[in-house]
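**Student:** Okay, here's what each chain looks like letter by letter:
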Amino acid sequence: MNPFEKIFNFQIISRLDEAGSLALTSQERSWLKTMLRHPASEAAFTPETLSKLNTLLEPEASIEVGEIIMEKARSKERQVYHPLLRTLRRMIMQNQGILIAYQIKHGGERTDQAGFPHKLEYNMYKREWYLQWYSTRQRSLMSTKLRNIVSVEVFPIPAKRIDDLKARIARLLDGLKESACVQVIPTFNAELSRILSAFSCFDKSVSFDEASGIYQIHVNYMRDDSEFLLSRIRFLGLRVKITQGEQLKRRMLKTADMAIERYGGMCN
Amino acid sequence: MAKESFDKEIQFLRMLSLAGGAYSRQQFADRLGISVHTYDKTLRNLKEMVTVLQQDLPAEQGTELSEWLRYNYYESADPLLLFLFRAKSLKETESIRLTLLLTALQTQERTAKDLQDLCSEQMPADSPLPDEKTIRGDLKYLEEVGVILRVNERRPYRYKAANDLIDQLTDDQLLDLYDYVDVIANTQIPSVQGYLLRDTLKKVLRKRGFNPEATETHRYKYNYHSRILDEAHLYTIFGAIQQRRRIRFLYLSPKKGMNYTSQNTNPLFERESAGITDSILPLRVVYDHQYGRWYLIGHHARMGIKKFRMEGLTQIEEGEPVEEEEYAEKLKALEAQLKNSWVTDTNRAVKVAVRFYNPSRSGANFIRERVEAQGQWGVITEESDSTFLYEIEVNEIYEIKPWLRSFGSSCEILEPRWLRKQFIAEWKELRSYYESI
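Read top to bottom, the protein sequences are chains A and B.
In terms of my numbering, the first sequence opens at residue 4 and continues consecutively.
In terms of my numbering, the second sequence opens at residue 6 and continues consecutively.
The following block holds chain B by itself, in its conformation from the complex (with noise of 0.2 Å):
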């Protein structure tokens, strides 16, 4: 499958999972950039990946991709989206072929000339036989993404499977390794080969005999599982940043309507181009907690830093490369830009003081604790038994702001008075809302 359709099927399935069920067939194309007819086509490979994945779905349930992506919510920590990732597309006789070739290696190890007289023998009669090339082709792929391995030094070489972090494992063991796959793949970034690991690792305890339940027994409350469909870019990004490349890409902003963008071949179909032509100096990516979303951070030529949002990024291309002085240059001015961002904001610092107010009733103090977690390198100060402050010198006010907000009552604002300001202007609006119930 092209590069360019990944794109397509990322911002296809970040739309559908954020606003599932939203929108109509036309109007999900029309947000996409895209015609009606690759709206259904799309939607019909992706509901292929997913029947032939999950057979054990619901009949009911498998009708709709948007209730799909619901189920099972509050019952099972598989990530939905991990699909995304087994969307490569694959002629048929290749995934035959290559299925043989490794389970014949699951226990034995063969030649390359075992291997093709075996193919002879099992592979579908309607399928061309493969010859010794594609063979060796096929061994060549298989040892790089490290499935299989050469056992010895001379020719012939023979082959066995790579499974032996699974084969050496005792059943105790093993649930063991499950367990934290899931727990690391679910809680830390990056994540997509934890969870690619996961499924492995619960096939072969069901095959040793586990109950299928024995897989569920961990759930994640409040997880961002969109997140993963971000790491997409992640390794184009990496691969950039250790070469100190420059790259390019299409951006669309996820402020304006439209998400995706055909490169369009067939002039029926023309658009114009919604999104822009960037190239930057790739520096970081930055995680955002609150929202579980990503942003790149690189070195604009003319407007110096500039942030995106990984989920507008598409057709991604390496550029030239540049110095390492230039490049370490331009990261520690970043890295100095940053150091005050509560997420990427690198605006003048603001110095912000709040008094919060430790909840009335006795018991777990709630709030201290949660300001003693996620107010990053912000200041405690001991006030009174009912009261305490906390200071912090933060790049701009925006991206603070909706976490003050989210304490309710228990925060007020002291500084600045602006803010102090419009946080009394807001609640009172907000009172407006509800209060004609």
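The following block holds chain A by itself, in its conformation from the complex (with noise of 0.2 Å):
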């Protein structure tokens, strides 16, 4: 198994590409064989097709890599698949909008909630699915978990309108950009990698400057992200500071009070 197999190679997959030719290695095959293994694949598959994949890679070896990993403090996995996506993918993709019913978080149910859809996403840190729609009685974006999701179906939307709610989408996601600069304390430049590995999963960028040695990390993110930011902030305790976004700033000195206060207060 070596995943840098010639075939591979960029060239080789852009002439292909003009062909129109495929190259679909045992190697690919095998990954999946071993990957429909998982629990998850029963929500994905009909299981008319789970049961016609499995015959086709039953040749094929399994990839047992999986033996030598063992994987730490991950969170448990509440769901890889939920039932929905497959429904929901589809709406997405055939542009339709969607009328739902779903339990909201101080109990009860919306119903009857017309909308349209945007995109499934997936939190890798809550290891769970959640439906990005646009209301359109609220004329609001909304991010519902998909366990949340009651019911949902079609619901027709004029051909002509979908650009235009398209369009809307794009300005309100544009509107939650926001932006901050985490400053690393030069006492902690040995642990470099460590930091930037913890801030690898948002939208960033870096800059050095040689003559104090400081490095500042530029992190673009949505606003609904900014409760992980924070918990990504308080994980590195004193090797970062935060040097722009006054919000963010706020709350690490008000969480420091509160913190300061559980033990007793300042004279502890």
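Please note that the accuracy of each hint is not assured.
[Said to hold, decoys possible] Chain B is faced by these chain A residues, among others (derived, beta-carbon under 7 Å):
| # | residue |
| --- | --- |
| 1 | Phe13 |
| 2 | Ile15 |
| 3 | Ser17 |
| 4 | Arg18 |
| 5 | Ala22 |
| 6 | Ala26 |
| 7 | Ser196 |
| 8 | Ser200 |
| 9 | Cys204 |
| 10 | Ser210 |
| 11 | Lys252 |
| 12 | Ala259 |
Don't read these hints as lab results, they were simulated from the structure.
Built from N, CA and C at the ideal position, the CB exists for glycine as well.
The two chains are supplied separately, each in an independent frame; assemble them into the complex guided by the hints.
**Tutor:** Below is the structure:
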């Protein structure tokens, strides 16, 4: 098993594309065969498709590399697949409007909500699926956990409105963009690779001032990611300091105050 | 491309994706331990690859590779670093020939002779015509990697492309397959082969008339993309473990400034090697979900259990095998030591006791949910309406500490007392970072 096979070479791939040809290696089939053992496969396919795939892949070897891997500090996998994914992805692909009913945070249910679905989003940290959709009644973007959706059905939307809805969603998403700057405290520069890894799940760029030895991490994030960003910053403790982002700074100050309070105040 | 060259490209891409934009050419080259000339050459090669692979890339994005790595971050689930695995160098004639052969076999069964004739007709005029031996060699390779198969038992053998997995599926089934591969490659490890398959399926869907947007319905938030770079070493290590062989490598500690040391053939550019050559019996690899990083863990003749960050491993070579008994004994000992590791720490176990505070607002108890989901083998006990207790025996506190700290004021350390004191001191110091605002 060598992921660097020459058949994967970019020139071959691009020539095959031009010719409209395919190259499907046994490595890829073996990977799939192994991964079809995951219980998620049952929600991902109809029983007929799954059994067809298993038959087609029968002659392949499995990849047993999983035997040597230990996964640590992982969130429990609440769900890898949700039964609604197949339905919803087709609605998104076909630009269909939806009528959705879902449970809300504080108990109770919202029913008959009309909207337009945008994307299915998996939160790697919470290990959970969300539907991002535009609510035509509330004129706002919504993010609803798939497990909270009670029902969803097609709701006709005039074809001429679709481009307008898409443009509106793009504008709303644009409006949710935020940015912040986090400085690495130079005494921790030896841990730079760890610190940058901790931010590598964000869209970010890094700047470095050679004279002062200071690294600044510029993070671009969506407004609803700010809780996660803050938890990453708390995770790193004294190693980093927010230098731009007033809201985030105030939150860190408040957290520090409250944490000190938990331990009996400043005199402790 | 030589093995060493891959080490360089992995390091190069990792630095580009982690510290994108931070360094000037000279600084970047210094940190990788290469010359500016090599830096330019590597960057040129990578850019060329990107340009060929991503023809739809907007022109203004195509200029800087570090910018390109950020491109589409929130819009696409395409793993941008996958192209490392497409970097193996190849002669142009070979890539033309292999494409011709594969294309000829897509829908028809053909013999080596048929294919040789076909190549003679279709190879560009300035390329050398392939002889029979070359064609047979190509077919042997394509059969080995499984992209074609032999359809009959007797000579002359006929071949065809091994595309059944795709050809036998209806459009709707293929869409389900694409989604499954997309989800699994993004959420599970290992994933490189899954991402390669995803690329292929994406093309098939387009060929069958699906809109390009049809393959962009899923997104993955907080994904560690650079994790796939370390999968480059995974199969080498797996092979060695299967054969119970030791491995030798040059380890470049990511904590030191330099990430890559070239095997110098030109004495003019000779540098002192910054790494340490080491030899261990590999036992396991650990994937840390908190940072998306990999570790190699093995047994070292003098030092016992030793851990290495995968990203520091270069020039891996297989060494002598050991007896099965020795391997089993070392593995058993390791598993016992790792039992209480938050990640990889094998030092003495400490009992940590923590009080968690439920959120004051009504509704979902996201603190409790997070502790239940991420607290590994720790035990939760009820305390009051507003609090619960969490206890865990864990090897040292260094690895669990960031996780506990990430809960902010919702977490109060009870035991050990010295850890409680550390938290108090740290929160006071953190407060001083922000008190002037």
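**Student:** Would the stated hint for Ala259/A survive a check requiring a Cβ distance to chain B of less than 7 Å?
**Tutor:** holds (4 Å)
**Student:** Take the shortest C-beta to C-beta distance between Arg18/A and chain B; is it under 7 Å?
**Tutor:** holds (4 Å)
**Student:** Can Ser17/A be said to touch chain B, with a Cβ gap under 7 Å?
**Tutor:** holds (5 Å)
**Student:** Are Ala26/A and chain B close enough, Cβ to Cβ, to be under 7 Å, as the hint says?
**Tutor:** holds (5 Å)
**Student:** Holds or violated: the hint that Ser196/A contacts chain B, with Cβ atoms closer than 7 Å.
**Tutor:** holds (4 Å)
**Student:** Tell me if the interface restraint on Phe13/A is satisfied: Cβ within less than 7 Å of some Cβ in chain B.
**Tutor:** With Cβ-Cβ at 4 Å, under 7 Å, it holds.
**Student:** Go through the hint on Ile15/A and say holds or violated, using the shortest Cβ distance to chain B against 7 Å.
**Tutor:** Check passed: Cβ of Ile15/A comes within 5 Å of chain B, closer than 7 Å.
**Student:** Mind checking the CB of Cys204/A against every CB in chain B and telling me if the closest is under 7 Å?
**Tutor:** holds (4 Å)
**Student:** Return the status of the interface hint for Ser210/A: holds when the least beta-carbon distance to chain B is below 7 Å, violated otherwise.
**Tutor:** holds (6 Å)
**Student:** Mind checking the CB of Ser200/A against every CB in chain B and telling me if the closest is under 7 Å?
**Tutor:** holds (4 Å)
**Student:** Can you verify the interface hint for Lys252/A: is its Cβ closer than 7 Å to any Cβ in chain B?
**Tutor:** holds (5 Å)
**Student:** Given Ala22/A was flagged as interface, is its beta-carbon under 7 Å from a beta-carbon of chain B?
**Tutor:** holds (4 Å)
Against the hints set out earlier in the document, no violation occurs for any number.
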